[in-house]
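Novice: Protein chains in written order, with numbering that gives the first Met the number 0: chain A, 0 to 378; chain B, 0 to 308; chain C, 0 to 374.
Warning: the hint list may mix true and false statements.
What the hints assert, rightly or not - Derived coverage of chain A by chain C (criterion: at least 3 residues anywhere in the stretch with Cβ under 8 angstroms from a Cβ of chain C; other residues may be distant): (1) 63-71; (2) 129-135.
Said to hold, decoys possible - From chain A, some residues computed to sit far from chain B (all C-beta separations above 10 angstroms): (3) V178; (4) I180; (5) I305.
Honestly, the hints are just simulated from the structure, not real lab data.
Idealized CB from N, CA, C, for every residue including glycine.
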Amino acid sequence: MRRTVLVLLLLLGFALAQSDTLKVGFIYVGPVGDAGWTFAHDLARQKTIEALPNVETIFVESVPEPEVEPFIDQLVAEGAQVIFATSFGYGDGVLSAAERYPDVIFGHASGVERAPNVMTYMADFYQVYYLNGLIAGALSESNKLGYVAAFPIPEVKRHINAFALGAKEVNPEAEVEVVWIFSWFDPAGAKEATEALIDKGADVFAFTEDTPTVIQTAAEQGFPSFSHYASMLEFSPDTVASGQLVNWETIYIDFLQGVIDGTYTSENLEDLDYFWLLQDEAVEAAAAPGVVINPVHEEALRAAIIDHPEFGEISVYDLVFERLAQMEVAEPTFDPFTGPLSDRKGNRVYAEGEQATLAELLSLQWAAENVVGPWEGEP
Amino acid sequence: MDFLDLLTSTSARALAFSTPLLWAALGEIYAERAGVVNLGVEGMMILGAVAGFIVGQTSGSPLLGLVLAAGVGGVAALVHAFIAVTLRANQYVSGLALTIFGLGLSGLLGREWVGQPLVNSMTFVTVPVLSEVPVLGPVLFTDQYLLTYAGLVAAALLWFVLHHTRLGMTLRTVGEAPVAADVAGINVMAVRYGAVAFGGVMAGIAGAYLSVAYRPSWGEGMTNGMGWIALAMAIFALWDPLRAVGAAFLFGAFFTLSFRLQNVFPPELLTLMPYVFTIVALTLVALGKGARSFGAPAALGQPYQRGER
Amino acid sequence: MSLLERLGYRLEQRPVPPGRVVFLVTVGAIVAALIVTGIIFSLFGVNPFYAYATIAERTLFNFRGFTEVVRKSIPLLLAGVGLVLAFRAQFWNIGAEGQILAGAVAATGLALFVPLPVWLMIPGMFLAGFLAGGLWGLVPAYLKVRLGVNEIITTLMLNYVALYIVRWLINGPWKGASATGFSYSDKFDRAIWLPTVGTTRLHWPTLLLGLVLALFVALLLSRMQLGFEIRMMGQSPEAARYAGVNFLRTTLILVLFSAGAAGLAGVGEVAGIHHRLIEPNSISLGYGYTAIIVALLARGSPLAAILSALFMGLVFASGDIMKVALRLPFQITGVINGLILMFVICAEPFLRYRLVRLSAEHRRGLNGRGVESAD
Numbered sequence: 000m001r002r003t004v005l006v007l008l009l010l011l012g013f014a015l016a017q018s019d020t021l022k023v024g025f026i027y028v029g030p031v032g033d034a035g036w037t038f039a040h041d042l043a044r045q046k047t048i049e050a051l052p053n054v055e056t057i058f059v060e061s062v063p064e065p066e067v068e069p070f071i072d073q074l075v076a077e078g079a080q081v082i083f084a085t086s087f088g089y090g091d092g093v094l095s096a097a098e099r100y101p102d103v104i105f106g107h108a109s110g111v112e113r114a115p116n117v118m119t120y121m122a123d124f125y126q127v128y129y130l131n132g133l134i135a136g137a138l139s140e141s142n143k144l145g146y147v148a149a150f151p152i153p154e155v156k157r158h159i160n161a162f163a164l165g166a167k168e169v170n171p172e173a174e175v176e177v178v179w180i181f182s183w184f185d186p187a188g189a190k191e192a193t194e195a196l197i198d199k200g201a202d203v204f205a206f207t208e209d210t211p212t213v214i215q216t217a218a219e220q221g222f223p224s225f226s227h228y229a230s231m232l233e234f235s236p237d238t239v240a241s242g243q244l245v246n247w248e249t250i251y252i253d254f255l256q257g258v259i260d261g262t263y264t265s266e267n268l269e270d271l272d273y274f275w276l277l278q279d280e281a282v283e284a285a286a287a288p289g290v291v292i293n294p295v296h297e298e299a300l301r302a303a304i305i306d307h308p309e310f311g312e313i314s315v316y317d318l319v320f321e322r323l324a325q326m327e328v329a330e331p332t333f334d335p336f337t338g339p340l341s342d343r344k345g346n347r348v349y350a351e352g353e354q355a356t357l358a359e360l361l362s363l364q365w366a367a368e369n370v371v372g373p374w375e376g377e378p
Numbered sequence: 000m001d002f003l004d005l006l007t008s009t010s011a012r013a014l015a016f017s018t019p020l021l022w023a024a025l026g027e028i029y030a031e032r033a034g035v036v037n038l039g040v041e042g043m044m045i046l047g048a049v050a051g052f053i054v055g056q057t058s059g060s061p062l063l064g065l066v067l068a069a070g071v072g073g074v075a076a077l078v079h080a081f082i083a084v085t086l087r088a089n090q091y092v093s094g095l096a097l098t099i100f101g102l103g104l105s106g107l108l109g110r111e112w113v114g115q116p117l118v119n120s121m122t123f124v125t126v127p128v129l130s131e132v133p134v135l136g137p138v139l140f141t142d143q144y145l146l147t148y149a150g151l152v153a154a155a156l157l158w159f160v161l162h163h164t165r166l167g168m169t170l171r172t173v174g175e176a177p178v179a180a181d182v183a184g185i186n187v188m189a190v191r192y193g194a195v196a197f198g199g200v201m202a203g204i205a206g207a208y209l210s211v212a213y214r215p216s217w218g219e220g221m222t223n224g225m226g227w228i229a230l231a232m233a234i235f236a237l238w239d240p241l242r243a244v245g246a247a248f249l250f251g252a253f254f255t256l257s258f259r260l261q262n263v264f265p266p267e268l269l270t271l272m273p274y275v276f277t278i279v280a281l282t283l284v285a286l287g288k289g290a291r292s293f294g295a296p297a298a299l300g301q302p303y304q305r306g307e308r
Numbered sequence: 000m001s002l003l004e005r006l007g008y009r010l011e012q013r014p015v016p017p018g019r020v021v022f023l024v025t026v027g028a029i030v031a032a033l034i035v036t037g038i039i040f041s042l043f044g045v046n047p048f049y050a051y052a053t054i055a056e057r058t059l060f061n062f063r064g065f066t067e068v069v070r071k072s073i074p075l076l077l078a079g080v081g082l083v084l085a086f087r088a089q090f091w092n093i094g095a096e097g098q099i100l101a102g103a104v105a106a107t108g109l110a111l112f113v114p115l116p117v118w119l120m121i122p123g124m125f126l127a128g129f130l131a132g133g134l135w136g137l138v139p140a141y142l143k144v145r146l147g148v149n150e151i152i153t154t155l156m157l158n159y160v161a162l163y164i165v166r167w168l169i170n171g172p173w174k175g176a177s178a179t180g181f182s183y184s185d186k187f188d189r190a191i192w193l194p195t196v197g198t199t200r201l202h203w204p205t206l207l208l209g210l211v212l213a214l215f216v217a218l219l220l221s222r223m224q225l226g227f228e229i230r231m232m233g234q235s236p237e238a239a240r241y242a243g244v245n246f247l248r249t250t251l252i253l254v255l256f257s258a259g260a261a262g263l264a265g266v267g268e269v270a271g272i273h274h275r276l277i278e279p280n281s282i283s284l285g286y287g288y289t290a291i292i293v294a295l296l297a298r299g300s301p302l303a304a305i306l307s308a309l310f311m312g313l314v315f316a317s318g319d320i321m322k323v324a325l326r327l328p329f330q331i332t333g334v335i336n337g338l339i340l341m342f343v344i345c346a347e348p349f350l351r352y353r354l355v356r357l358s359a360e361h362r363r364g365l366n367g368r369g370v371e372s373a374d
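With the hints as extra help, turn the sequences into a complete structure.
Specialist: In structure tokens form, the structure reads like this:
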């Protein structure tokens with residue numbers, strides 16, 4: 000018995016001595032050039048290598064969701080010790096592969112199920128969408144905001160609601176009109192959905208789709224819009240007002256550092272869920288890195304003065320930065336999903352002062368009062 | 000929004016959305032009229048899209064991009080023509096191979112060009128006086144691309160050529176009765192090469208419409224299945240260029256309606272309508288006039304060799 | 000005078016190429032494709048010998064890798080054998096993709112909503128999938144025989160109809176309670192998942208079904224009256240009509256089998272791999288279209304479809320290896336797959352013709368002329 004332990008220790012020693020580099024595999028659902036979700040993950044991968052010199056990465060693009068398992072097999076064969084699977088639909092495959100490779104560490108982006116060697120992570124935009132909503136509510140002249148949405152899942156619903164709550168805070172008349180395209184990638188669908196919203200009178204646009212199509216389409220009429228996942232400012236420098244940017248590397252670097260330190264092993268990840276927000280610097284409210292509000296829109300937002308219950312007379316421009324400051328600190332003093340909140344059917348969702356829990360946000364199904372449009376699974 | 004608004008806005012968007020479908024379908028109609036099926040439309044379109052973008056971006060002229068895309072589509076089609084006409088190998092596999100190849104190659108060539116806005120894109124046209132005409136004004140003459148008008152003109156022109164000129168007669172004979180055409184001194188091979196290449200040119204333009212006008216940027220796989228719809232439309236139009244206009248419009252209308260009527264009707268079921276319509280329409284035509292009236296070229300998909308029969 | 004004739008040869012049309020020629024020509028085409036692919040590898044800075052060694056090692060000489068090759072070929076085999084049968088009767092079924100989806104829908108419906116005893120469930124799903132796939136094919140079959148409506152169009156259209164129906168089901172009525180809003184159905188009960196080989200994804204019952212089906216279709220075509228009628232319909236419809244073949248009946252039966260086989264493939268995918276109804280383009284990664292290639296490469300032989308299905312499975316699996324082990328951009332797999340297909344069909348003329356040495360007299364005559372003209 001003791002000898003076995005000794006041999007094992009020796010083997011472990013060899014293994015550690017030989018591998019001072021950590022091999023990390025990334026599995027992407029789209030091409031790195033999709034300008035959206037996958038692009039952002041790959042940018043983060045590159046920044047991670049810069050920050051952690053001992054990390055070596057392999058990535059594979061455009062892996063169909065049900066095909067993830069054979070790719071995990073191959074990455075393991077290539078010596079990957081940590082594998083990040085960056086799409087919700089990889090869940091089943093990751094969990095099944097994790098059982099077969101108990102020594103490999105897995106990270107599942109936007110996942111919900113974990114295992115001793117599977118952690119989940121997500122950089123979420125809901126606070127950012129709320130900030131974008133403030134801007135949109137002030138910029139709209141028709142009081143109709145358009146939202147081109149991918150799938151009616153909690154994540155997207157949460158973002159639409161946050162956007163609508165922000166808009167309502169500065170403009171009680173503002174409504175968010177939603178059109179679903181049932182795809183993460185469908186440029187033609189996004190284009191026609193935007194056109195449909197324009198015809199319905201919408202004049203400010205947010206979206207969940209992996210191309211700058213909505214921005215380009217809205218720009219043809221000069222309507223403001225918001226970057227999604229990556230900077231899309233260059234696609235229309237005069238109309239992109241702000242946006243949602245992600246810094247996945249904050250999560251990747253933190254987690255991999257933990258793996259290198261030995262804090263995270265293939266046995267203790269069962270409860271590890273990174274749900275990182277503004278205060279973690281995982282996300283950013285900006286049209287392009289550092290450009291919180293496009294200077295083009297500054298004047299209009301400074302001119303939009305409202306009487307705010309918390310801040311009194313304040314311009315929307317200043318309100319955005321006040322709210323940003325409240326949410327950026329380590330212990331945020333404000334959360335968009337704080338009561339009193341009702342859904343659009345008139346049911347009270349949160350009482351005065353009550354705040355949504357993480358679990359509630361992750362399974363959110365209700366629609367905010369000023370959201371218009373079909374809403375599958377509405378309670 | 001009242002019904003008239005819905006009608007005009009849907010029609011206007013249907014026209015814009017269906018423009019690439021129309022261009023590609025017109026090309027395929029000519030290829031099939033000459034007796035050659037080309038399942039490579041999607042591949043030729045995406046090659047056109049990437050070529051159009053790269054050239055448009057480097058030269059600053061979207062028109063130049065369009066011209067080169069047409070050429071690239073034509074060259075890609077010649078590969079198919081060589082396999083299908085000269086080698087007389089299986090046309091269906093050849094077309095599928097061209098699509099797979101085109102999707103891959105375009106992605107490879109476009110890697111460096113992703114995520115850039117096109118410097119100069121084709122802009123909307125609003126025809127001054129005509130856009131004021133009620134109903135027709137907003138549908139036809141407001142915020143449309145020149146290529147949309149060009150597509151409609153092309154359809155009319157191609158219809159005229161096909162049915163009322165010697166060239167059209169030659170084309171149809173080659174597709175209907177290659178043996179007779181050969182006997183009559185027509186170079187069957189040359190006509191087929193020409194028709195297939197023309198189909199490629201049209202598909203290339205269709206692809207470039209997407210990358211220099213409709214959504215002026217390059218994105219991997221940006222044709223997203225439009226080539227296949229164009230193929231279906233060529234048949235739905237019963238190989239007639241004018242009917243293709245109607246077919247394209249119908250596909251476009253249902254597609255845009257699926258975003259406009261979401262409150263009332265499941266969008267998936269609206270999107271599948273044109274396909275059901277195609278089957279129903281063909282059945283009704285068959286019930287009414289018998290299958291012969293379809294106008295399917297009799298020698299469609301069959302290779303021709305001199306002296307074979 | 001052609002170059003060939005100067006050399007003393009001419010091309011002669013060959014009525015039916017012997018099996019050995021088909022095999023040699025196909026292998027020759029694949030070798031040619033491998034050489035071109037090798038050049039592409041070199042262009043991307045990868046040693047082609049290393050590339051092929053790696054691909055072979057990970058697909059053919061690695062247990063898990065090999066099971067993945069076979070797994071990928073299962074739906075191609077089932078749908079491909081079905082298409083071989085249909086193509087033999089000149090029924091151009093382009094609709095295997097939709098028929099696969101129809102089978103998947105039927106199996107899901109049974110698995111989620113019909114309380115059957117567990118032991119009955121797996122055969123039940125296959126039966127339901129077979130019938131659903133078959134029915135999806137019967138519409139075009141009936142329209143073709145009765146009204147002369149082109150089956151290429153109708154089967155192609157029905158692919159899209161099936162695709163959007165699946166999308167509608169998973170976004171609407173069949174959306175799973177456990178899917179947290181994602182577009183999936185609920186998961187099947189674990190007891191009715193198809194068994195697999197070890198921890199791999201090789202759902203062997205479906206594979207077995209495919210092999211049995213290939214044998215059955217081979218027998219049907221060579222030994223049975225129905226097979227004879229099918230071949231006659233394909234080779235010479237007039238003769239078949241004269242011989243009293245009932246076109247409607249025969250077509251319906253053969254399409255039921257052809258489309259039903261694709262339906263079985265759909266059952267295998269949902270019950271063996273995904274265990275729920277998912278996005279249609281994820282249920283079938285274009286298997287129905289690839290099966291057309293499988294059937295055409297098999298050149299009318301159901302047994303050859305076993306080989307061509309494995310070949311296509313290998314091609315796809317190799318693409319996966321290129322992405323990871325060789326670090327090649329993923330788009331290159333499309334370029335290479337397209338080229339391989341083009342090479343394989345470009346070899347077709349070699350099957351139709353053979354090189355014949357001209358008779359001595361003829362050659363002399365030619366040479367004589369050749370000498371004269373040289374003067």
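Novice: For each hint, tell me whether it holds in the structure or not.
Specialist: These are the hints, each one checked on the structure:
1. Only when three residues or more bring their CB closer than 8 angstroms to a CB of chain C does the claim for the segment 63-71 of chain A stand; here the count is 7, and the claim holds.
2. With 0 residues having a Cβ less than 8 angstroms from any Cβ of chain C, the segment 129-135 of chain A misses the three-residue criterion, and the hint is violated.
3. At the 10 angstroms boundary, the C-beta of V178/A falls inside the reach of chain B, the nearest C-beta of that chain being 5 angstroms off.
4. The beta carbon of I180/A is not kept farther than 10 angstroms from every beta carbon of chain B, the shortest such distance being approximately 7 angstroms.
5. With a closest Cβ-Cβ approach of about 30 angstroms to chain B, I305/A is found to remain outside the 10 angstroms limit, as its non-interface label requires.
Of the hints listed earlier, those the structure fails to meet are numbers 2, 3 and 4, in rising order.
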